[in-house]
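Starting from the given sequences, assemble the full structure and let the hints guide the process.
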Amino acid sequence: MDSATPISGSFTAPGPPAPPLTGLPSLCAVNMTQNDSAGNPIHIVLWLPDNWNGRFQGVGGAGFVCGPLYAELANGVVAGYAAAATDCGSEDPTGSFALNKDRTLNTALIDDFAYTGIHDMTVDGKAVTADYYGSAARHAYFNGCSTGGREGLMEAQRFPADYNGIVSAAPAINWTKFIPAEIWPELVMLRTGDFLPSCKEAAFTDAVTAACGGVDAVIQDPGSCHWNPFDLVGTVTPCGTITATDAAVVEKIWNGPTSTSGKKLWYGLEPGASFSGLAGTSTSSSGVTSGVPFPIAVAWLGTWVQRNPNWDWHTLTYAEFDQLFQESQNEFSSTIATDDPDLSQFRADGGKIIIWHGLADQLIFPQGTINYYQRVQAAMGGPERTDSFARLYLAPGAQHCASAAGPAPGTPYAYPATAMPLQDVVNWVEQGQAPLSIEAVKIDPTTNVETESRPLCKYPLSAVYSGNGNPNLSSSYRCTRRHRW
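As numbered in my numbering, residues 1 to 485 make up the sequence shown, in order.
If you're looking for bench data, these hints aren't it; they were derived computationally from the structure.
Take these hints with a grain of salt, some might be off.
[Stated by the list, open to error] In silico lysine to any residue, SDA-like type, Cα no more than 25 Å apart, as pairs:
no., residue 1, residue 2
1, Lys252, Gln220
2, Lys263, Thr192
3, Lys101, Asp111
4, Lys263, Leu190
5, Lys264, Asp221
6, Lys458, Cys212
7, Lys263, Lys126
8, Lys252, Thr205
9, Lys458, Gln374
10, Lys252, Ser285
11, Lys458, Ala404
12, Lys126, Ala348
13, Lys458, Ser224
14, Lys252, Asp312
15, Lys252, Lys264
16, Lys126, Cys212
17, Lys264, Arg375
18, Lys263, Gly350
19, Lys458, Arg478
20, Lys252, Leu190
21, Lys458, Gly214
22, Lys458, Val292
23, Lys252, Val292
24, Lys264, Val288
25, Lys263, Ala319
26, Lys458, Val288
27, Lys126, Asp312
28, Lys126, Thr480
29, Lys263, Ala378
30, Lys126, Val441
31, Lys263, Arg347
32, Lys252, Arg307
33, Lys458, Gly350
34, Lys126, Asp111
[What the hints assert, rightly or not] So the derived label-pair ranges between C-beta atoms look like this:
no., residue 1, residue 2, range
35, Asn255, Val215, 26 to 32 Å
36, Gly214, Thr5, 46 to 52 Å
37, Asp194, Pro309, 27 to 33 Å
38, Ala210, Gly350, 32 to 38 Å
39, Glu320, Leu105, 18 to 24 Å
Model, not experiment: these values are computed from the prediction.
Glycine residues also receive a C-beta, built at the ideal position from the N, C-alpha and C atoms.
Following this line, the structure appears as structure tokens:
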């Protein structure tokens with residue numbers, strides 16, 4: 001143990017300037033360091049509130065960072081949890097920790113990031129929690145989104161005894177497939193010679209939303225949306241007239257990556273999802289538009305797969321993409337793919353999982369999560385037997401880990417938390433109350449006031465307006481319609 005410091009009321013996180021976290025209960029902040037198999041220091045933060053509820057909560061990371069995300073720790077202790085987070089040996093968001101100085105793989109830190117870091121945090125955090133309070137936590141829960149969502153499902157797959165309940169939001173599972181697929185939109189624009197200015201991208205998003213969305217401007221079921229982007233050809237926008245080439249680019253982006261022989265490799269952006277994350281562009285004052293790829297995709301293909309942190313993505317061809325897509329899986333699937341559908345031991349131990357994913361996620365393709373859940377259903381004896389311990393909830397119009405046009409079940413990484421589904425998994429584990437739906441809300445960022453709520457129904461159901469009541473309240477909806485997927 002490095003230090004144990006009392007905190008009461010507020011805390012300012014180390015690192016880049018950020019507003020202090022206020023309204024905290026009295027707690028003991030414990031900082032620990034342990035070395036991994038190669039001697040790399042792994043830092044663990046454990047917050048132990050005076051008003052302990054008898055539960056332990058592990059919180060996850062984002063991108064290439066395991067943590068600690070102090071807003072998540074704050075949400076945990078405010079609710080009475082002993083809450084733990086770890087940096088898994090690195091807080092570098094670029095992913096450069098994957099390489100040694102000689103450009104060989106740093107397998108110890110890769111393993112720490114992929115799975116050992118969170119597990120060790122859990123084991124050590126539980127032990128210190130028991131020592132501090134004089135009794136072990138009655139139940140343990142994991143809560144995370146994106147990389148944190150992947151970490152939660154990793155725990156269920158690799159270390160099923162660690163947690164009784166898991167909330168996995170927008171999980172970065174299928175890592176070795178979806179991360180390469182994240183560069184596909186930029187590759188399409190690069191090789192077509194047509195980087196779309198942001199106002200053209202917005203025109204396609206607005207048009208498909210108008211065609212397939214409801215009165216709330218939300219596409220409830222993207223799988224049922226068959227709007228043709230070529231219908232927009234000839235439309236005048238502030239940055240030029242939509243061309244057939246523009247429409248072909250959008251069609252390829254929505255369809256997702258294919259091999260040079262035409263084989264579908266992975267999923268694409270859903271119609272209505274923002275292009276800004278994976279098909280980002282920048283237009284100069286002279287009117288030249290260039291690509292702005294998602295940094296994690298570039299780092300993965302360059303630093304991790306090719307061992308070349310200086311890789312220039314502009315050299316990428318379709319044939320090379322095919323090769324890198326396969327190399328990504330060959331090299332790293334056993335370490336970080338996190339796509340094993342066999343959750344038998346987790347189910348046998350009585351564990352429960354809530355997975356949710358926004359259908360307008362602009363970074364992680366929701367169909368990948370649906371595909372994984374369907375494989376879990378097949379491996380675990382069908383939908384009914386899977387429903388007994390693991391459920392998926394889809395959030396129409398929600399972006400990555402957050403509400404957008406549509407509401408979301410809280411906003412991970414934000415403090416204070418709103419409508420987080422952690423209590424739903426607690427009720428499921430401790431009271432046997434399996435949730436037919438979880439609550440999603442939309443918050444006005446300027447007033448912090450809730451403006452909408454919706455039920456997110458367990459897959460494959462979706463919410464339908466009952467015809468009575470305020471359409472902005474979840475009580476006016478019923479879980480009846482089935483998603484097309």
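Structure-based check of all given hints:
Note on Lys252 and Gln220: the hinted pairing holds, with a Cα-Cα distance of about 22 Å set against a maximum of 25 Å. Between Lys263 and Thr192 the CA atoms are separated by roughly 19 Å; this keeps the pair inside 25 Å, and the hint holds. A distance of roughly 18 Å separates the Cα atoms of Lys101 and Asp111; the hinted pair therefore holds under the 25 Å criterion. For a cut-off of 25 Å, the pair hint linking Lys263 to Leu190 stands: about 20 Å separates their Cα positions.
For the hint linking Lys264 to Asp221, the alpha-carbon distance of about 21 Å falls within 25 Å, and the restraint holds. Our distance criterion of 25 Å between C-alpha atoms is met by Lys458 and Cys212, whose separation comes to about 22 Å. Restraint check: the Cα-Cα separation between Lys263 and Lys126 comes to about 47 Å, which exceeds 25 Å; the hinted pair is violated. A hinted pair counts as satisfied when its Cα atoms are at most 25 Å apart, and Lys252 with Thr205 qualifies at roughly 15 Å.
A C-alpha spacing of about 13 Å is found between Lys458 and Gln374, which places the hinted pair at or below 25 Å, so the restraint holds. Restraint check: the Cα-Cα separation between Lys252 and Ser285 comes to about 28 Å, which exceeds 25 Å; the hinted pair is violated. As the CA atoms of Lys458 and Ala404 are separated by approximately 20 Å, the hinted pair is consistent with the 25 Å bound. For the hint linking Lys126 to Ala348, the alpha-carbon distance of about 21 Å falls within 25 Å, and the restraint holds.
For the given pair, Lys458 sits about 18 Å from Ser224 by alpha-carbon distance, which is consistent with the 25 Å threshold. Distance restraint check for Lys252 and Asp312: the Cα-Cα separation of roughly 22 Å lies within the 25 Å cut-off, and the hinted pair is therefore satisfied. Straight-line distance between C-alpha atoms of Lys252 and Lys264 comes to about 11 Å, which keeps the hinted pair within the 25 Å bound. Between Lys126 and Cys212 the alpha-carbon distance is near 48 Å, which puts this suggested pair outside the 25 Å criterion.
This hinted pair checks out: Lys264 and Arg375 have alpha carbons roughly 18 Å apart, not beyond 25 Å. This hinted pair does not check out: Lys263 and Gly350 have alpha carbons roughly 40 Å apart, beyond 25 Å. At most 25 Å may separate the alpha-carbon atoms for a hinted pair to count; Lys458 and Arg478 meet this at roughly 12 Å. Taken as a hint, the Lys252 and Leu190 pair is honoured in the structure, with Cα atoms around 12 Å apart against an allowance of 25 Å.
Of the supplied pair hints, the one linking Lys458 and Gly214 holds, its CA atoms being roughly 21 Å apart against a limit of 25 Å. Taking the CA atoms of Lys458 and Val292, the gap is near 36 Å; set against the 25 Å cutoff, the hint is violated. A C-alpha spacing of about 18 Å is found between Lys252 and Val292, which places the hinted pair at or below 25 Å, so the restraint holds. Restraint check for Lys264 and Val288: the C-alpha separation of about 32 Å exceeds 25 Å, so the hint is violated.
As the CA atoms of Lys263 and Ala319 are separated by approximately 13 Å, the hinted pair is consistent with the 25 Å bound. Using a Cα cut-off of 25 Å, the hinted pair Lys458 and Val288 is violated, with the two alpha carbons roughly 46 Å apart. A C-alpha spacing of about 44 Å is found between Lys126 and Asp312, which places the hinted pair above 25 Å, so the restraint is violated. Annotation: proposed proximity of Lys126 to Thr480 is violated, straight-line Cα distance about 41 Å (limit 25 Å).
Our distance criterion of 25 Å between C-alpha atoms is met by Lys263 and Ala378, whose separation comes to about 24 Å. At roughly 32 Å between alpha-carbon atoms, Lys126 and Val441 are farther apart than 25 Å, so this suggested pair is violated. Restraint check for Lys263 and Arg347: not satisfied, since their Cα atoms lie roughly 35 Å apart, outside the 25 Å limit. Proximity of Lys252 to Arg307 is assessed by CA-CA distance (about 29 Å); at most 25 Å being required, the pair is judged violated.
For the proposed pair Lys458 and Gly350, the alpha carbon gap of about 19 Å is at most 25 Å, so the pair holds. Between Lys126 and Asp111 the CA atoms are separated by roughly 21 Å; this keeps the pair inside 25 Å, and the hint holds. At roughly 28 Å, the beta-carbon separation of Asn255 and Val215 lies within the given 26 to 32 Å, and the hint holds. Between Gly214 and Thr5 the beta carbons are some 51 Å apart, a value that agrees with the proposed interval 46 to 52 Å.
Taking the beta carbon of each, Asp194 and Pro309 are about 29 Å apart, inside 27 to 33 Å as hinted. Between Ala210 and Gly350 the Cβ separation comes to about 47 Å, which falls outside the hinted range of 32 to 38 Å. For Glu320 and Leu105, the Cβ-Cβ distance of about 20 Å falls inside the hinted range of 18 to 24 Å, so the restraint holds.
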